[in-house]
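Chemist: These are the residues of each chain, in order.
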Amino acid sequence: MKIDFILNRKDVKVDCPPEKRLIDVIREDFKLMMTKNSCYRGECGSCIVQIEGAPVPACQVPIFSIRNKQILTIEGFSGTEKYLDIITAFKEANCMPCPFCFAGKVFSVDSLIDGRRSPSTTEIMSLLSEHPCECTPTSRFIEGVKIAYQNREIRGELLK
Amino acid sequence: MPEAYKDKRFITDYYSAGMTVIKILRAPVQRGTITSVYIPNLPEGTGVIQYKDIPAEKEISVFENKIPLLCDGNIRYEGEPILLLYGKDERELQILESEIKIEYETDYTILSLENYSQEQINKELNFSRGNIDKAIDKAETILEQQFTTSRQNNYDIDPQGAAAFYSKKKFEIVCATQWPFNVRDNIAECLDIPKKQISVNVPSMGKNHGGKLWYAAIIACYTAIVTSITKKPSICLIPKTDAILFTPGRAASIINHKTALDNEGKILSREIEILFNSGAYPILTDEILNRICFSAAGVYSTQILRITVKSIKTNAPPCGSLTGMGFYQSFFAGEMHCNSLAEAAEIGPLEWRLQNLATKQINLPFGWESKRPMQLKTLLTTVADKSDFRRKYSSYKLTAKKQNNLYGKKRGIGLALCCQGNGFTGKVEQNGRYSVSVRLEMDGSLIIYTSAIPDNMHTAELWCNLAGNILEIDSENVRIETADTELVPDSGPSLYSRNITVITQLIERCCNAIKKSRFRRPLPIEIKRTYRTPATTGWEPESFNCKPFSTISWGAVAVETETDPITLMTDIRGIWFAADCGKIINEETAKAEVENEIYRSVMNSMVKPPVFSYLKQNIPLTPVKSSIFFPVDIEFIKSRETKPGGIGELPDSLIPAALSEAISMALNTEIKNLPSNPKSLFRQIEHRKKVEAENNED
Ligand code: FES
Ligand code: FES
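These protein sequences, in sequence, are chains A and B. Under the working numbering, the letters of the first sequence match residues 524 to 683, in that order. Under the working numbering, the letters of the second sequence match residues 10 to 707, in that order.
Derived from the structure by calculation, the hints contain no laboratory data. For every residue, glycine included, the Cβ atom is placed at its ideal position computed from N, Cα and C. You can trust all of the hints, since none of them are fake.
Calculated lysine to aspartate or glutamate pairs in the EDC-like style (CA-CA distance at most 16 Å, straight line):
#1 B:K67 x B:D201
#2 A:K614 x B:E12
#3 B:K524 x B:E450
#4 B:K652 x B:E596
#5 B:K17 x A:E598
#6 B:K537 x B:E450
#7 A:K543 x B:E101
#8 A:K543 x B:D98
#9 A:K554 x B:D16
Far from chain A by the CB rule (all over 10 Å, computed), these chain B residues:
#10 I33
#11 I76
#12 N83
#13 E106
#14 Y117
#15 K143
#16 L200
#17 S310
#18 S349
#19 K369
#20 T390
#21 Q514
#22 K688
#23 R692
Produce the complete structure using the sequences and hints provided.
Modeler: Here it is as structure tokens:
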């Protein structure tokens, strides 16, 4: 089955079985390896991409369902101002995620700080429970997310 | 995206179209025999491997234990690998799997430890010192209690798997492992080829707790067998559910304590029996028995002592190497028992501990002469003072006794004290000649060659900083080479804080040697150092009077909780942790490590154990961290030990007991099982009510 969609702001086409998972298409057909695959059950958060601006685990998305949609992977997101809000905050709080959970955590945090108020500790903890991780201290991660929100707020992103 | 991340390849990143994919077919019964196997006509490029097809050695070795690569016809646990299918992709293998017919004859199964038979005892360790009967005669109080801990599955964030490549008569194996040389040696045996024809590379890995210690060698052997047949690259990736169920978990245990106290509440004697469920194939048994024996009686002065530890074979998946193995079960039961002893002696738990603490190492149950003073009292009073333990304990105890109503959350506070043996017990370190080498290049950069896999990015950072400091090199110019068994020396398995103790020491020794000859010898200079256990170290469990580890770390914790008496859900109000763990190289990193482990331990102590059923596949992929936030206070007290010690395993030995004690106090009950989730709490409360009712009737 041939499917057209927009990947990292470029029009692309793929020819594969309709039920092939988006995560496998991204990694195998487009060699975008920074989005990781692990549980294939939508539970570990390592395969998150943005579909039409919302974070979605790509292992739960059959390729036929994304015809003409906008997909953004971490490779396409990196370098943007929104991305920098998060990365500079992670560096400041010393909680840079490892390469395995990097994409998932960045997209999840991006959506959490896109609201109109600073995320609460409970909201951050609930985000963290969706990204099982044993290497980032919880207190630092909470701080990192709060700084990321401030960065975005300072940039006036929220007012746009 | 951080530039360095672009080169980081995890095992799943090694898959590419054209590789042969391997799928494991597992046993659907817990115990039985395979009576027939029907294999359909196989399309080209696909194949099936059974036990009889394994070219040479059909078992992998892990020190003194062995475990078969595939089932030999007798099924010993549900999910045991029966055969391997290989082909071009997952879809093809699924079709093939549906056409294969395997018939079984089932047999009765033994999953639990209760009512075990003599034949199930795989190994036993006994220790006895002093006259127990005399002590019992003199005793004012005798307390007998039983504790149980459930099996705890291993959870790794990154996938488990291996890939094999073949060219120029050599096998290149990429394997997510904590012990690359064990992988190499087992493949050599399995294919009956010289070790030099195999190189093992380790891809990027997440934090691991032992799940990739020996299990990785099995997966790597699968890929090596398939590639030796097809001469094509092959890959075997373990689905997450299988990884959780079958990578070695923490063994379930039953622990019986019988303690005699004098009229002041001081210990006269202790009898401890520990049974642990090693599953169908006991692995690392000697090490586990030693560790349990060492930690069984805790850190209290005990002269008259009897300890029996038994490893019991059942039809559960093999257990073994999970971090803290042995210490976790011992300290949970031991510390909970201490609380009951304090209660029986009508003394507060803090005071009872202070009164019974070993003040010198020679007074410890496993005592030995040491010049280093014990700081257990300081540890205990540090967490007690910081948590305001005395006041909270009295106030919560009073409230708990008065409360008959179910309104409002109930608070509790618990204490625990423990130690952690760093590295393996003497013999493993003595028998293996484990090394590290360090090379100072002409351009001034430094390379550390070791097969030890840093547990996390912090360990790697720590090694680079340490080497950089000694040689006055910017840590950015220090690189760790763990990649290939052909390039790096065998540094042994990465477990039980060996990375912090053994490997860090070796790196330090190499760097100090380079420092001495740096301006006298031309560059590059490469120095190799091999670990030798200190002369004082030796472990003879039978005599029980020796030092089994090169260093020991000590820890104490106070945990304050708030439990809803209706839902039995618990919130943590605060955790206060103190440790004496030798030289701290980077305090910030050490604190981060402890905080992580505390969160993980809280989660493990309170979550439901996964239901084990391979067929039903009904296990949740439990998140490692709980979604509750709580403040954690960590203090490292000034240590007189000059060597660095491990800290990562202390929370696992401390939190379950302190947390359970706090919940016990809040609910005015006695918790004797782990985990302390609402369902198990409900069962324990109901059981207690029943016992009380029966006693009242009598
Ligand atoms: S692979 Fe785990 S959520 Fe998709
Ligand atoms: S930082 Fe990636 S799993 Fe923990």
